[in-house]
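Construct the entire structure; sequences and hints are all you get.
As given, the protein sequences belong to chains A and B, one line each in that order.
Count along the first sequence from 1, add 2, and you get the number used in my numbering.
Count along the second sequence from 1, add 66, and you get the number used in my numbering.
Source of the hints: derived by calculation from the structure; they are not laboratory data.
Accuracy of the hints is not assured; some may be wrong.
Said to hold, decoys possible - Partial list, computed: chain B residues near chain A (C-beta under 10 Å): (1) T131; (2) P134; (3) F167; (4) Q171; (5) G189.
Said to hold, decoys possible - Listing some non-contacts, in silico: residues in chain B with all C-beta distances to chain A over 12 Å: (6) I76; (7) A96; (8) I106; (9) E107; (10) A109; (11) G112; (12) E114; (13) R132; (14) T172; (15) P193; (16) R194.
Just so you know, even glycine gets a beta-carbon here, dropped at the ideal spot from N, CA and C.
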Amino acid sequence: MRVPEPRSGRIDPRAPRFGAGITAALLLITVFLGLVGAPWTGSLAQRALDPAFLLLLLVALLFLWGVVSPRAAPWAVLYRRVVGPRLKPPTELEDPRPPRFAQGVGLFVVSVGLVLQLLAVPWALPIAAGAAFVAAFLNAVFGFCLGCVLYLTLQRIGLVGRAATT
Amino acid sequence: MTTLGALLAIVALLTITVAAGFTLRRWRSAVQRVDTAEIIEPARLGAERLGDRATLLQFSTELCTRCPGVHRTLASIADAKQGVLHLDVDLTHRPDIARHFRLLQTPTTLILDRDGAIQARFGGAPPRDVVELELDRVTRMEHAGA
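So, in structure tokens, the structure goes:
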């Protein structure tokens with residue numbers, strides 16, 4: 003069975019949740035590695051080559067991909083090609099802008115962790131990964147997208163999206 | 067940190083996140099009994115009239131995923147009950163309405179009695195039976211008061 007092509011670029015709302023599930027798993031592993039390895043010790047090269055740092059860098063690049071080109075991002079493609087066609091067709095389609103913005107929020111949070119890790123700030127990397135994990139997990143399991151709520155709030159006060167309406 | 071310590075921290079993180087998820091879910095779908103003196107004027111919302119016995123007043127936005135599903139549910143509830151009207155107000159271009167009703171999420175649904183007074187408030191996508199129960203309460207109250 004084929005999923006109907008979304009009208010005017012709207013997407014299956016389960017697609018971002020699927021991606022958030024994989025992201026949450028990667029982030030949980032990062033938190034674990036960051037807690038066990040104390041990656042903020044050692045020289046700059048050691049800190050930048052620590053497994054926890056590299057895994058969080060991978061997550062950051064995936065977030066960046068999701069912001070720059072959400073349709074071509076790996077989890078979106080995997081969902082569209084493999085997972086989506088095996089599920090029931092979506093009952094609703096959603097606007098892709100809030101989940102795309104949420105990817106940007108995720109990118110910001112993990113980037114802060116990466117920079118502080120390079121500056122050898124203790125605990126910064128597992129804490130940033132943990133914060134991003136909470137948001138990704140709530141989205142994947144409960145369908146509660148914190149970044150999307152932030153987008154809608156900013157839009158309501160007229161900071162993003164269309165200009166403030168009268 | 068030892069491996070055991072890290073594992074315990076992971077378990078704590080998961081537990082807190084799951085608890086937060088359940089709290090958020092309950093908070094978002096809770097029914098609030100509202101008793102305000104405010105009478106809703108349909109003209110302010112761009113509607114001609116309210117329902118004769120009760121009104122299901124839904125607030126939606128363009129970007130809202132769950133709004134169309136809630137719209138279908140509420141419309142079918144209103145169709146099945148005589149004198150009950152379903153109004154769906156698009157807030158996308160009406161931030162003034164969102165501020166007035168302190169709407170922090172869409173969809174939000176209000177149940178108005180026949181006079182246009184707000185009797186109940188639902189955040190998110192309420193289950194059909196919960197809406198019907200509250201609607202019954204509101205329409206029964208009107209008989210008791212009459």
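Violations among the numbered hints, reported as their numbers in ascending order
Of the numbered hints given earlier, those the structure breaks are 3, 5, 6, 13, 14, listed in rising order.
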